[in-house]
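J.: Sequence:
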Amino acid sequence: MSLIRETLPPFSSRTESDERTSSKEPQPSSGSGNPNMAAALPVSPEEIADTIIKRYFSSLFTDDNPVLPSIPSLPHNNNDNNYAPRSISDFDNLSLCKPVLDAEIELAVFQLGPCKPPGPDGFSGIFYQKHWPTIKPDICHGIREFFDGGAPLPKDLNKTNIVLVPKKKPGRFRPITLCNFAYKIVAKVLANRLEPLLQNIDSLSQSALVLGGQIQDNIIVAHEVFHYMKNKKKGPKGFMAIKLDLDKAFHRVRWCFLKSEMEKMGFCNTWIGWIMDCITSVEYNVVANGSQIASISPSRGLRHGDPLSPYLFLIVANGLSSMIAEVISRKTLSGLRIRNRGPKLSHLLVADDSLIFLEATVSNCHVIKEVLHFFGLASGETVNFRKSEIFFSPNTSPDLQNQILQEMGMSSMTDAAKYFGLPTHWTKSKQQVLAFVRDRILSETQGWKKCLLAEAGCEILIRSVAQGIPAYPMTCFKFSISLCKQLSSIINCFGCGEKDCGSKSHWCKWNSMASEKFQGGMGYRNFAYFNKALLGKQFWRMLKNPKSLWAQVLKASYFPTSNPMEAKRGASPSWVWSSLLEGRDLIKKGLVWKLGNGESINIWEDKWLFSNHQLITLGPRPTNNRPSLVKDLFCPNSKSWNLNLLHSLFPSHICSIITSTPITSTSQNDSFIGDHNPSGIYTVKSGYHLATTSSRHSGPPSSSFTTSVNTWKTIGTLPCHPRIRHFILRVLKNAIASKENLFKRKCSRSPLCPICHLEVETIEHTLFRCSWTHSIWSNCGLSFHDPIQSIVSAAKWFDDLVNPPSPLSKASLALIAQICWGIWRRRNDYIFSNLTPDPTSTLKAALTAEGDYLRAVYAQLNPRDTHALVDGNATLWQRPPLGFWKFHCGAAFNPSSKHAAFAVIARDPSGKVREINYGRINLGSALAAEAWTIRVACLMAGSLQIPQAMFETYCSRLVKFLSNDSASICLVRDSMLEDMKSLCNPFVVKFSWRDRKANQCANWVAKKCNRNRLPPPSLSPLRSEVCNLVQLELSCAMQ
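Counted the way numbering that gives the first Met the number 0 counts, the sequence shown spans residues 0 to 1038.
Accuracy of the hints is not assured; some may be wrong.
Computed cross-link-like contacts, DSSO-like style, restricted to lysine-lysine with a CA-CA straight-line distance of at most 30 Å [claimed, not checked]:
1. Lys-368 to Lys-427
2. Lys-427 to Lys-236
3. Lys-588 to Lys-606
4. Lys-1007 to Lys-959
5. Lys-429 to Lys-588
6. Lys-158 to Lys-135
7. Lys-258 to Lys-233
8. Lys-231 to Lys-258
9. Lys-343 to Lys-417
10. Lys-809 to Lys-712
11. Lys-231 to Lys-546
12. Lys-368 to Lys-429
13. Lys-795 to Lys-843
14. Lys-242 to Lys-417
15. Lys-115 to Lys-154
16. Lys-508 to Lys-543
17. Lys-712 to Lys-638
18. Lys-168 to Lys-129
19. Lys-242 to Lys-712
20. Lys-233 to Lys-508
21. Lys-516 to Lys-229
Honestly, the hints are just simulated from the structure, not real lab data.
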């Protein structure tokens, strides 16, 4: 306890002075006071520290009145459900309380962080994930007992450690909460079920935790409000923004209030029972210096580190949000509206960072203070008025400002104030406002010891830490070119081993290092392009979520009567809007239309027609009276192409491409998709690639050798240590400190080889032509087309080894890289340690190191990954679930003729073939053929009136999309996928992936049909080959 004794009395993490004033502890050294109390005090300083800490946390987690109080004077009585409307339906409760599946538990296990600190039981997430196949039955059985059997959570399972970690500042501690990983699995299962329903919980004002929402949404709204208030210098009405600071927000939540809010929102008793069991059965162990000093049974509070806590606190904050909305609807409180057509803004609530926007009047202060008071009495939350701040618009009189500040007990917001870590005030010098980003990167890089890091380790630190720091503010704000260059310079200096940007040799240009790895670079980010890509992602989200609060605010301010793609900058735009326009310029380069009803797409001017994923331009619009919209190319009152009209307007090859574009059977609207990647969805990665390729200028052809893209890709995937791959990359770029390179930089007196003193020490001489290396290459067991001693260019030699006509295997290339690394090390040992290089030991060490690396890599493979990739059951036919019919879907595509064939085989639950359907169609890709096949299967299921159907295909991307896997959605440029979803609505469906070997029947029929070897289905009986394949699949499945 020496550490605590040295740093007492303050120890809490955020409001130390508040806690000390609210609960002062008696001091043993005091000469006055109650003698009996002084005599009862502990003797040792360690026991004094234990007593103070235990009393502090006991008071923090103890609810003096665990019953929800009745407050008659509350403007929104707790017995009145109007301010907390029911938002959870009976159908939602059924989805929340459905039986828990093993797959659901497994998903929760691998969603949790494996390297987080363990709880009291000492088992971290990596233990559960690494040994999941072994412990899965026991874990799943225990969790199902809690959900299905009604058993309470064991006390030992829900024990939690509160560990006091010292801060940099003496006398300050940061308490971190460590839960058992087994409990986190239960909480994560509950959180995964609750998350999709959060969009019903005041999603406009609390968008950070809602599905699809981000913290940046609230930042953009807040920035627009501050921009409006900052520019409001005239007018009778002034406005204010109150930045609230909730004291210990999670720890003060009253359980009775949380339960009451869940009941009012419509959660069923089963769900409420699960939640309350998770939060009320907890027991805290306070740990400092590795030993337990207190044990506390709380009666209020939520835990940090619990996967459920953020979502439960959102329900608590929804109570305050509903209170504010209620008084605004009664016109007792007046909010703020940026434009007449925009939404009325009153508050943004996310955890303990909350903003309230009001008209600057004394009456509004009284009302909001009363609301906060009543909310605190009910929920247990306390507003820290000393840390809360108010920002006023310039047209608010100073007298009124002082009166409001005095009434609220808060201070005026300073220029250094931040909301979610980003500044709320800014000046004309944006570089000065964002100086904290530069300072943060500089402090991080200066704290690292470059001399103790390998080149590969330095690369990882730069890519994973230093270059990730600016990503958060870059999502909302455009960085100046000069600031981006400063950030790149700091990272470049660190990569070269400089301190405070001192003088050191830079072996590669920054532009070369910032290029992609398949272009021979290090994969470092160009901050200017990365900034544009992030802003493009934000603009893309606005296109796809026009009803979100932040999109409505921007629309009312800048494009009230148009769409975002046509919006202009405006007279006085905010920093955020000006930045988003930069992202729009990037998106426009790859934005295309997805065909729906054809009412919004111009035939001649818009991008909508593709062949082999290549855009087809139809040219300028004809001057005569020709159709202008795509819908004019449809047959009247029909969802098909008007072939006669097409042939009269376009050449035959264009007509073929248009007719191969499927038309949706539904009346969905045309929409934008991104041509940046095959998925049709804009991502930061695709945007960054688009920014780099569009800015790359093709210069005149060079006479020097250029390493191929395949060579760079091969180097990045060699089965050897990362530092060796990094070394080979530098060898091919001539970025090694050879005597020749040092002599050119005037860092060496002689360019001759220090070992043989016969030739200039180039990279080729060091690795291949020096006399002592000859025996290494002759005894390594590899054969080369040209003699090693004749190598003139290492880059060209390695390029010839990788590419045809005589490419080597990756194992051989990895051994070559390992030998080159060993030769370079022995050369350095000779120069710096005067150790004579030995060819035999060098070759032996290279072979041993390569073998050790391969054994270590294969020994660390995740068992879950290996059994997921190689699933024996995926190659065998399996019976469908009880009551389900199974539809086998197969497709074949000929890329040269664009002819595709589909085949669907319908089988009943016993495996007997009931119907076969196949045919040919013109489509643009194999993916479109697979999608068309599933569409036909959906129509067959509807015609057969099957209530439950299971569709099997070997196209995993379609399965992921149709199973609503938002993380891996795959959109083709037509609308067949949405078409299929609408066709599946009348009945219960399941989509599953199977290997081609488990789908041989449909695959065989599709191939035969594509070769015109089958008659029409109406004239063809079931062939004997199909029956034989069906019987073979059944027999294999029974074994």
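J.: Hints first: check each against the structure and report whether it holds.
T.: Against the structure, the hints:
1. Lys-368 to Lys-427: 35 Å, violated
2. Lys-427 to Lys-236: Holds, because 26 Å separates the two Cα atoms, which is no more than 30 Å.
3. Lys-588 to Lys-606: Answer holds: Lys-588 to Lys-606 is near 11 Å, not above 30 Å.
4. Lys-1007 to Lys-959: Holds: Lys-1007 and Lys-959 sit about 28 Å apart, inside 30 Å.
5. Lys-429 to Lys-588: Roughly 27 Å separates the two Cα atoms, so the pair holds.
6. Lys-158 to Lys-135: Given pair Lys-158, Lys-135 holds - Cα atoms ~22 Å apart, limit 30 Å.
7. Lys-258 to Lys-233: 47 Å, violated
8. Lys-231 to Lys-258: 43 Å, violated
9. Lys-343 to Lys-417: 23 Å, holds
10. Lys-809 to Lys-712: Distance ~11 Å between Lys-809 and Lys-712 Cα, so the pair holds.
11. Lys-231 to Lys-546: 27 Å, holds
12. Lys-368 to Lys-429: Status violated; Cα separation ~35 Å.
13. Lys-795 to Lys-843: OK: Lys-795 and Lys-843 at ~27 Å, within 30 Å.
14. Lys-242 to Lys-417: 10 Å, holds
15. Lys-115 to Lys-154: 22 Å, holds
16. Lys-508 to Lys-543: 39 Å, violated
17. Lys-712 to Lys-638: 46 Å, violated
18. Lys-168 to Lys-129: Outside the cut-off at roughly 38 Å; violated.
19. Lys-242 to Lys-712: At roughly 51 Å apart (the allowed maximum being 30 Å), Lys-712 and Lys-242 break the hint.
20. Lys-233 to Lys-508: 53 Å, violated
21. Lys-516 to Lys-229: 45 Å, violated
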